[in-house]
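Enquirer: Residue-level listing of the chains:
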Amino acid sequence: MTTTKAFKLVSGIALTAALGMSPALAGPGPDEDQLVINEDIEIVTEAAAPAHMEYVDTIYSGWRFREDDTQVMQMDDFDNPAMIYVDKAIDAWNTVEGAEEKSCASCHGDPESLRGLRAELPKWNADKGEVYTAEMYVNDCRTERMGAEAWGWNGQDMRNMTALISSVSRGLPVNVAIDGPAQETWEKGKEIYYTRFGQLELSCANCHEDNYGNMIRADHLSQGQINGFPTYRLKDANIVSMHNRFRGCIRDTRAETFSVGSPEFVALELYVASRGNGLSVEGPSVRN
Amino acid sequence: MADGVKPRVKVPKSAAAGEVITIKTLISHPMESGQRKDSDGNPIPRSIINRFVCAFNGETVIDITMEPAISTNPYFEFEAKVPEAGEFTFTWYDDDGSVYEDVKAISVG
Numbered sequence: 001m002t003t004t005k006a007f008k009l010v011s012g013i014a015l016t017a018a019l020g021m022s023p024a025l026a027g028p029g030p031d032e033d034q035l036v037i038n039e040d041i042e043i044v045t046e047a048a049a050p051a052h053m054e055y056v057d058t059i060y061s062g063w064r065f066r067e068d069d070t071q072v073m074q075m076d077d078f079d080n081p082a083m084i085y086v087d088k089a090i091d092a093w094n095t096v097e098g099a100e101e102k103s104c105a106s107c108h109g110d111p112e113s114l115r116g117l118r119a120e121l122p123k124w125n126a127d128k129g130e131v132y133t134a135e136m137y138v139n140d141c142r143t144e145r146m147g148a149e150a151w152g153w154n155g156q157d158m159r160n161m162t163a164l165i166s167s168v169s170r171g172l173p174v175n176v177a178i179d180g181p182a183q184e185t186w187e188k189g190k191e192i193y194y195t196r197f198g199q200l201e202l203s204c205a206n207c208h209e210d211n212y213g214n215m216i217r218a219d220h221l222s223q224g225q226i227n228g229f230p231t232y233r234l235k236d237a238n239i240v241s242m243h244n245r246f247r248g249c250i251r252d253t254r255a256e257t258f259s260v261g262s263p264e265f266v267a268l269e270l271y272v273a274s275r276g277n278g279l280s281v282e283g284p285s286v287r288n
Numbered sequence: 001m002a003d004g005v006k007p008r009v010k011v012p013k014s015a016a017a018g019e020v021i022t023i024k025t026l027i028s029h030p031m032e033s034g035q036r037k038d039s040d041g042n043p044i045p046r047s048i049i050n051r052f053v054c055a056f057n058g059e060t061v062i063d064i065t066m067e068p069a070i071s072t073n074p075y076f077e078f079e080a081k082v083p084e085a086g087e088f089t090f091t092w093y094d095d096d097g098s099v100y101e102d103v104k105a106i107s108v109g
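So the protein sequences, as listed, match chains A and B.
Under my numbering, the first residue of the first sequence is numbered 1, with each subsequent residue one higher.
Under my numbering, the first residue of the second sequence is numbered 1, with each subsequent residue one higher.
Isolated chain B (complex conformation):
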């Protein structure tokens, strides 16, 4: 697992039924591209988060494939329609097999 990985998510605590809300996510991660060399000239192995998935009550909201050119600490902002109360789950998949997760509940009314 890469050092200092910490997911952050911002979701409103409540919404009206059917409302479109904005979700912001940020995960601290070095996103080492694999293209760089260290001070001795040896390649630094690639170590990135390669996939990010957001789901609402089990239904996929967004599923993103990430490539090595994406900057450190990847940030995603997207919209989702909230038909009912429930839980957003956020999952990041690391090259090294680590999986980072966060969950945010939202109420309707």
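If we strip away everything but chain A, and leave its shape as in the complex, we get:
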């Protein structure tokens, strides 16, 4: 199995050389590999940038910026360490909790019933009058329908569950709405994206728009797409939520960061998600 995958990765490189394009290993930028998960789910890792993006023509999944060893781990669910946590979420999905004596399954049936949800998140929740992320929907279910305790935004249970919700949408195109009632939040997120923070005075755009493909110290900068979140990071040996990653980035600019789950990060999540409209949902992905 591994041999076949390695061959596919090599053949992608050979193909570009044959076409006279710059070989993937010769310079910065995304490589030319194709992502197919479980030899079944074809993932779009490159697409024309959505119309709202002014400075980028083509969007790439972060998978294209990773090394072959890391890429291969995401091509088979047995090799993807995140699937351990998805398994745990399936157990939680079927566990009755709270005063109403319900589990997720009591209302939703199979996790597959949520297929498509991840592709649209975050989205406007008309009942609540604000933009909702997966974490907010999960906690509303827990507190209002199940009568159970809310999970922490960044808690292990929550990350497992959002990974499960994402996993059933893999392969579907990200399609986040940025107009209508969500527009105000989206504008706020865009402002944060282009604002320089911290002692290093770096905005998201300075790295992920102006310099993707280049190295920042030992890291190969991607476009900072979040279609692969929640993601299994090898350095953490665990699943990482989007907001945790946002916090890490802003901390690295030597700034005081926004909190995980804050309205600022929800807005930023909406804006960054919209920059990936057209890529496939990949989460839970594997990154370094």
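Please note that the accuracy of each hint is not assured.
[As the list claims (entries may be wrong)] Far from chain A, some chain B residues (derived; all Cβ distances over 10 Å):
(1) Gly4
(2) Leu26
(3) Ser39
(4) Asn50
(5) Val61
(6) Tyr75
(7) Phe76
(8) Thr89
(9) Ser98
(10) Tyr100
(11) Val108
[Said to hold, decoys possible] Far from chain A, by Cβ distances over 12 Å, these chain B residues were calculated:
(12) Ala16
(13) Pro68
(14) Glu77
[Stated by the list, open to error] Selected chain A positions facing chain B (Cβ under 10 Å, derived; list incomplete):
(15) Asp76
(16) Met83
(17) Ile84
(18) Tyr85
(19) Ala237
(20) Asn238
I should point out that these hints are in silico values taken from the structure, not numbers from a laboratory.
The beta carbon of each residue, even a glycine, is placed where N, CA and C say it ideally should be.
Use these hints to put chain B onto chain A, whose structure you have.
Expert: This is chain B only, laid out in the frame that chain A set:
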């Protein structure tokens, strides 16, 4: 027994006689090294899986000693020659005495 331990094994359902197949195994386990301290500064006791054995029809295929530096959720991928139909047994031994087992049958033809 450590929490949330679940063995996973991937073996082809069938093979040709004498074929070399690839086996993948993964067990979810914290693999606490014994080197870390908790938030109060007290050492967290070592709790790892210290041995993994795969056997085919009673014959040992692989026998691995595991040490504290091995990461959480240890994953092993190895090859085995299948001379005949039979059963692969997989056994993991925990520091605390727990033994986790899985069995996969394979047919030949």
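Enquirer: Hint by hint, note whether the structure agrees.
Expert: Here is how each hint holds up against the structure:
{"no.": "1", "hint": "Gly4", "in the structure": "violated (7 Å)"}
{"no.": "2", "hint": "Leu26", "in the structure": "violated (7 Å)"}
{"no.": "3", "hint": "Ser39", "in the structure": "holds (16 Å)"}
{"no.": "4", "hint": "Asn50", "in the structure": "holds (19 Å)"}
{"no.": "5", "hint": "Val61", "in the structure": "holds (18 Å)"}
{"no.": "6", "hint": "Tyr75", "in the structure": "violated (8 Å)"}
{"no.": "7", "hint": "Phe76", "in the structure": "holds (12 Å)"}
{"no.": "8", "hint": "Thr89", "in the structure": "holds (19 Å)"}
{"no.": "9", "hint": "Ser98", "in the structure": "holds (18 Å)"}
{"no.": "10", "hint": "Tyr100", "in the structure": "holds (14 Å)"}
{"no.": "11", "hint": "Val108", "in the structure": "holds (20 Å)"}
{"no.": "12", "hint": "Ala16", "in the structure": "holds (17 Å)"}
{"no.": "13", "hint": "Pro68", "in the structure": "holds (15 Å)"}
{"no.": "14", "hint": "Glu77", "in the structure": "violated (7 Å)"}
{"no.": "15", "hint": "Asp76", "in the structure": "holds (9 Å)"}
{"no.": "16", "hint": "Met83", "in the structure": "holds (9 Å)"}
{"no.": "17", "hint": "Ile84", "in the structure": "holds (5 Å)"}
{"no.": "18", "hint": "Tyr85", "in the structure": "holds (9 Å)"}
{"no.": "19", "hint": "Ala237", "in the structure": "holds (5 Å)"}
{"no.": "20", "hint": "Asn238", "in the structure": "holds (8 Å)"}
Hint compliance for this structure: hints 1, 2, 6, 14 are broken, all remaining hints hold.
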